[in-house]
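Student: Per the numbering used here, residue 152 is the first one in the sequence shown, and the count goes up by one each step.
Any given hint could be a false lead.
[As the list claims (entries may be wrong)] Once the Cα atoms are required to be at most 25 angstroms apart in a straight line, the calculated DSS-like pairs of lysine-lysine come out as:
hint: 1; residue 1: K223; residue 2: K196
hint: 2; residue 1: K215; residue 2: K171
hint: 3; residue 1: K205; residue 2: K215
hint: 4; residue 1: K223; residue 2: K205
hint: 5; residue 1: K196; residue 2: K157
hint: 6; residue 1: K196; residue 2: K215
hint: 7; residue 1: K171; residue 2: K157
hint: 8; residue 1: K205; residue 2: K157
hint: 9; residue 1: K215; residue 2: K157
hint: 10; residue 1: K157; residue 2: K223
hint: 11; residue 1: K171; residue 2: K223
hint: 12; residue 1: K171; residue 2: K205
hint: 13; residue 1: K196; residue 2: K171
Hints were generated in silico from the structure; no laboratory data involved.
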Amino acid sequence: MFTSRKPGQDDAWEGVVTDKSRGMTDGANMYHHVELRLTDGGSVKVRIGRRLWKDVAVGDRLVKRPGAEPVKA
152 MFTSRKPGQD DAWEGVVTDK SRGMTDGANM YHHVELRLTD GGSVKVRIGR
202 RLWKDVAVGD RLVKRPGAEP VKA
């Protein structure tokens, strides 16, 4: 089994990018991930879109509000 890293529609978080990665985990599709250090002290790895992945760098802040896509803050 696998763990989906795609943020849910009702998820909400805010954090600083600590790492970027991409890969073809299923052999057919390219997936873009960032690892975040959350404001509450935890960390999480989430899947984001290609356009946002190309726009963010380590140290940038990302915000995900319920019902919206993650955005660079």
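Student: For this structure, which hints from the list above don't hold up?
Tutor: none
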